[in-house]
Amino acid sequence: MTDVVVETKPAAARKRRVNVTGAAARVFARVGALPILLAIAVVVFAMLSPNFLTVDNLQSALRQNAYIAIIVLAQFVVLVAGGFDLSVGSITALVSVASATAMSDRLAAGSSPAEAIVIGLLIGLLVGLGAGAVNAVGIGMLKINPFIMTLATASIFAGLALKVTAGVPVSGLPADFSDVFGYSSWWGVSTPIWIAIAAAVVLWALLRWTRPGRNLYAVGSNPNAARLSGISPGRTMALAYMTSGVLVAVGALLLTARLQTGESNIGADLPLLSIAAAVIGGVSLRGGSGNVLNAVLGAVLLGLVTNGMNLARIESYYEMIVLGVVLAVAVLADRLRGRVAAAINAGRV
Amino acid sequence: MTDVVVETKPAAARKRRVNVTGAAARVFARVGALPILLAIAVVVFAMLSPNFLTVDNLQSALRQNAYIAIIVLAQFVVLVAGGFDLSVGSITALVSVASATAMSDRLAAGSSPAEAIVIGLLIGLLVGLGAGAVNAVGIGMLKINPFIMTLATASIFAGLALKVTAGVPVSGLPADFSDVFGYSSWWGVSTPIWIAIAAAVVLWALLRWTRPGRNLYAVGSNPNAARLSGISPGRTMALAYMTSGVLVAVGALLLTARLQTGESNIGADLPLLSIAAAVIGGVSLRGGSGNVLNAVLGAVLLGLVTNGMNLARIESYYEMIVLGVVLAVAVLADRLRGRVAAAINAGRV
Amino acid sequence: MTHQIPALEMTGISKRFPGVVALDAVDFQLLQGETHVLFGENGAGKSTLISIMAGAASSDSGTVRLAGRETSLRNVADARRLGVSAVFQEFSLAPTLSVAENVVMGEQPSRAGVVSHRAVRELAHRRLGELGFEIPLDAPVETLTRAEQQMVEIAKAFRSDLKVLILDEPTASLNDTECERLYELVGDLNRRGVGVVYVTHRMGEIRRLADRVTVLRDGRYVTTVPGTTSSEELIRLMTGRVMDQIYPTIPPPTSTVALSAVGLTTRDQAVSDASFEVRKGEIVGFAGLMGSGKSHAARACAGVERLAAGHLELHGRRVTGASVAQSLRNRVVYLPPDRKSEGLLLNRPLRESVSLPWLGRYSWARTLVRRRSEQRDVADVLRMMKLSPPDPDRNAEAYSGGNQQKALLGRALLRECEVLLLDEPTVGVDVGARVSIYQRVADIAEGGAGVVIVSSDLPEVLHLCHRVYVFCQGRITAHLQGDEINEERVLQHMMHWDETEAVG
Amino acid sequence: ADKPSSSEPSADWFPTAVTVWPKQGFDSEGVEQEYSPTDDVSKAWNICASFPHLADAYWLAADYGVIQEAERAGVNMDVLEAGGYGNLDKQIQQIEDCAQNSDAVIIGAISTDGLNPTIEKLKADGKVVIDFINGVSSPDTTAQSLVSYREIASQTAQYLLDTSDGEAVTVAWFPGPKGAGFAEEANKGFTETLAGTNVEVVNTQWGNTDKDSQSKLIEDALAANPDLDYIAGNAPAAEAAGPILRDRDLTDSIGVLSYYMTPGTYSGIQTGSVLASAADPAVLTSRIATDLAIRALEKQDFDLHVAPALQVIDKAALESWDSTTTLAPTDWSAEFSYSAN
Ligand SMILES: Nc1ncnc2c1ncn2[C@@H]1O[C@H](COP(=O)(O)OP(=O)(O)OP(=O)(O)O)[C@@H](O)[C@H]1O
Ligand SMILES: Nc1ncnc2c1ncn2[C@@H]1O[C@H](COP(=O)(O)OP(=O)(O)OP(=O)(O)O)[C@@H](O)[C@H]1O
Ligand SMILES: [Mg+2]
Ligand SMILES: [Mg+2]
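So the sequences go chain by chain: A, B, C and D.
Its first residue numbered 210, the first sequence is counted upward by one per residue in my numbering.
Its first residue numbered 210, the second sequence is counted upward by one per residue in my numbering.
Its first residue numbered 566, the third sequence is counted upward by one per residue in my numbering.
Its first residue numbered 27, the fourth sequence is counted upward by one per residue in my numbering.
Next up, chain A with everything else stripped away, as it sits in the complex (with noise of 0.2 Å):
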């Protein structure tokens, strides 16, 4: 892959040639490639679309992919401690209904608005909690394999959202809870904007600074070694899903909020881009691995992905192919990334 510089150049030649591409070599070994993919993605697509380097524009999609980049986080809990969850659509789906039936009851019982926020607000949470528990003991307690698990739990949430509304998307919410929310911003940034930065936030420092975290990653590494440690595999998996619980109702409060209505029928992209940005940004999907800045980066390089093929105009058949080859290269390039550092190394660039 590594372009070998060939003996027979002569050796000024040689020089020159290693200098230019060695540099690269060396910027591309050590920032990785989602920086330079996202750059790449911004450039081609201001090509594009001249509304594509616009503060509005790059504002929108941000906002857009904010509650995204909650559920990747959630997503990206699980990874690391070796899980996998393909639940997340279904529970965004039903912690929106239940929200938002929580609250429109609430407004209808003659609640103040205020009132019936801050309960559909914990409800949401709740669900959210108790869907993640519901995967925790399956897949924690009784050692279930969390694909199935989450695969099972995908079907059963997506069933009890249906039953709950009937198909009926859930509306008559209060209307400060979308202003709030949905559209309201602080400095010129809006609200989802900065509860996804918060997230990530006070998840990297979770990860980073306390037990659990250091316990997550060691599960998903090794979880014979962790056991022998005195950790609970199954314990810490359990801890990874109700916390990936919560973190899906945050995204999907903030989904709600913008939609104004509970809805049944969202989310079913959602499992697998998640996991689709969170291994773009470098989580291994054998867990142990991977940090929360890059999985944001990830799930904003396929939000950019797709909000500049959609400035673009580029048709919709092409978007699949152009996203799909998109997630191949970002995969790729990264594997690269790996070869060039040893080449570096090896002293061949």
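In case anyone wonders, no lab produced these hints; they're calculated from the structure.
Please note: incorrect hints may appear among the correct ones.
List time: in silico DSSO-like cross-link candidates among lysine-lysine, alpha-carbon distance up to 30 Å [what the hints assert, rightly or not]:
#1 Lys341(D) to Lys147(D)
#2 Lys372(A) to Lys214(D)
#3 Lys372(A) to Lys352(A)
#4 Lys69(D) to Lys341(D)
#5 Lys352(A) to Lys845(C)
#6 Lys69(D) to Lys49(D)
#7 Lys951(C) to Lys352(B)
#8 Lys341(D) to Lys149(D)
#9 Lys214(D) to Lys341(D)
For this one, chain A is given, so just place chains B, C and D with the ligands on it according to the hints.
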């Protein structure tokens, strides 16, 4: 989980208890959870609906699931090798539209139905092989993570299938195609079922009796060990994906024959469904284990449960919930079997 | 033998890893029919050199000649085709496959493309039989003990068309009796003209086997000496220092009992009715053949195995049924024998593997990790263990086997313990590092802790322990102390448990 | 993107019979009248249309309608699709993205309520918003071009009542995906109309509108009700029923009805495998939606809610029926933009 006989009981009672539960446990440990769950499902649905246990219905349920079973085989091959295939659904769609387009074009161009069918079958198989080869290159050669690679190609192939047809079913297939491959039967059993059985037997033989088949297990179990034993994990993985592509094509052709049209929006559920069926059939997602018969039984179980619920007119929300529960229980039961077997071995039952 | 073409000749082999020069222009020559030992400290580059010979890794520069012809080995299959076969230091087994399948992996006997399962089993049976290993052919490899896995690993390499056989610490998990047959086979191969490259840290094996010894230090070729060179000289060549004595003088124990077990029987019946005790300041050895249950007895003490019967007391306090976490809180620590599967967090910085059980102690309110002091302490311990390269922030998997083992031991030394249960503590550790480890163990015992050493390395048990319990088929068959601790008695009790009454 | 379509001349779709309501929604009294598009277009407006997906013939017809009408009127059109009914969130993103350089947005909504804030914001930004095909509850749309699925399913049910002629018959009903607005509406219309009649809905099977899923549901329904008289439901169900019934020699004993028209049901009616299908003129709806957007942008008069006339088509009606109101021509392939230049 397994009841250990407590010390305080009188010896006689103890003895009897051991015999009764012991025999049940032994049966369970021998045959595994799947046949037992299948039996339970059959009994339950036979009670819920008088039409369930009729030859017609069972034949129809099996025929409906014949092509799914073949696609489960495709997924199975890849899982055994330690891979993962999220693109089986898109390959199904792509093969369906490609072969249908070929057949209807040939027919329109004046070919005989037989000629059109042969060409359609060939094109379908070639497209399946080609799609498998794309996965093979990405995963086997470029070492892109199977999850991401097949997610990427799922998007790409779906985009291509839509591009070819714009979502409009391709009609005008030779009537014989549908009659022979979709609706005919031999000795009272319909052709798709025969083909599924043939595919399973051939695959079983290949995996058991050929060196590449054995290598598949070795690579899935520990790619590094395989490499250090002179087996190329990349090439073996590539082989698995190409085999899988061809098998998917067979399934897709059968489906196309049944639908009598080439369809681009089919197969969305297949990736997760096929993995679920294989895992229920005892295939490990970590690769290197699993047997063909059980994978097929897993597909049959899921198919019968869906059929049974439809016959029993279970509301569609509850259907989703029940399906989720069945998934989780099936895997849990399989884990339980391991424990029971261990307890029997340790002489505790 | 003077004008014979070398079976294998390597010149100017270099290999770098991120941050390390693993090999720096190393030369190596293997004659036909000789056993050539590669000797060097942990991280000296032995395994790296071997992977290059076996086609499992590529070198950055240098040439390889096989039987005088320059060859480029792109993969293991190439090497095998040319008659080069290797047992690697880290197991390369397929855990879900049977023993037979593993033995024949990559070369299943087949006729017209059809694999004959009968022939597979026969071939595997023959290979294992030649080595004198008795392992059930149909058992999945993941259910075997480490020693049994090692045997399968060895059996894999003994092929019929061998020209060069490479063995990287093949006996690290075997004990003397089990090694003997292997030595004989190596001798047979030599007589048939097969060159054997042998990596070992055991001086006894060098004595027994080596025709010549090549010494590596820090990735560089030092010298090649005849196999008759004295141990002291070899160690001097390896470390650059003179080493007087391997085993430290062990201080006498106290009479206070630290840990006592009565009638211990584990759930899986691997240990039945075992009773033993460890006093403060005492080093106790557990000896036994493979599968004798010695490991499980130690594991049971630390809450790793579940008990079916019996009870445990720590300082007279009942701790039966304590979980691993509770045991750790009681400062009872167990170090697993298999660093890869149960020990290290391979894709995490090495530091995290060392501090793993003690994270609570490095946290405020047992929650907020004090990273600074964690980092400092881990770095201190690893420096003391002479980790190479001394950078605890590299991923664990990037260290040589011996260095990984040192890090694992570092885990036990990081915090003071009441009872330390070390299972095969020095597998793959070089002689120099072993000296400092033994010294540390002696120091710990002197500090008042009770130490249990579970080991298949008999000399280790003989020289280091105050008392020895011998296990056979899950039971304790002998309890030896003082002068009773000698090779014959231990071996005798290991194998014939019925001759002596089980000790209560 | 401006490749001339070889299909029917696109100019003569008007005047066409429509129902016009004075307000959005179906609550007010509708008036039947003739509709013709404006011929006074001052500039090439930028319009974008958002679809739930573009993966079946129904939405392909809508695509054909908006692109053709844009071409006829000389405006720019972009078409976006969200990839399925589960992706409301994605549809919102797409609308926000395309609204940035559009004057008007035509929305085929995934959710009745979920797009309301988005629409509110579009209105605040001065965009024209046309609600077409699926319908939304927002008060902020500029105008609507949509038929009532309730009505259309009700007409299908009425046809069933007429053909069964008061006899006691059974029907298996396949509305479509649970939770999708159009399927829920159709379900209401169908069941309400049949309530209390001799036609008994013996089996309601919800499921995705891919032919594969519907095909299974039909087989299961046949197993559950061996003496079924009718199958009614979404178009893929009607298409899938053909080969299955023929295989079981039931083509003559079980009548198949669809509550919307696709090329598959159209040829089904021709060959006799489908008894009748309601024709929801998707092409006209889309053309009218485009025209409404242009009228609003041109500040001309326009109606707040227009719906083309509905019809149930059976073999007898097929002769006289103009399929270009409902189906895209067979040689039409999806186009995602038209630029007038
Ligand atoms: N991973 C495992 N799975 C199943 N059985 C095991 C496993 N490990 C050990 N055993 C069984 O437990 C018994 C005792 O094993 P243990 O590891 O205590 O023996 P050991 O004397 O330490 O042997 P070794 O020298 O091989 O480590 C043996 O009969 C063995 O077969
Ligand atoms: N995969 C790797 N990545 C980075 N560095 C590595 C890797 N493998 C080995 N090294 C480094 O190469 C050097 C040589 O390692 P090698 O395994 O050859 O040592 P060794 O002589 O076999 O030691 P031991 O006696 O401990 O087995 C070590 O410093 C080690 O850290
Ligand atoms: Mg080594
Ligand atoms: Mg042991």
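Right, here's what the structure says about each hint:
1. Lys341(D) to Lys147(D): violated (47 Å)
2. Lys372(A) to Lys214(D): holds (17 Å)
3. Lys372(A) to Lys352(A): OK: Lys372(A) and Lys352(A) at ~28 Å, within 30 Å.
4. Lys69(D) to Lys341(D): violated (44 Å)
5. Lys352(A) to Lys845(C): violated (40 Å)
6. Lys69(D) to Lys49(D): Within the cut-off at roughly 28 Å; holds.
7. Lys951(C) to Lys352(B): Violated, at roughly 36 Å.
8. Lys341(D) to Lys149(D): violated (45 Å)
9. Lys214(D) to Lys341(D): holds (27 Å)
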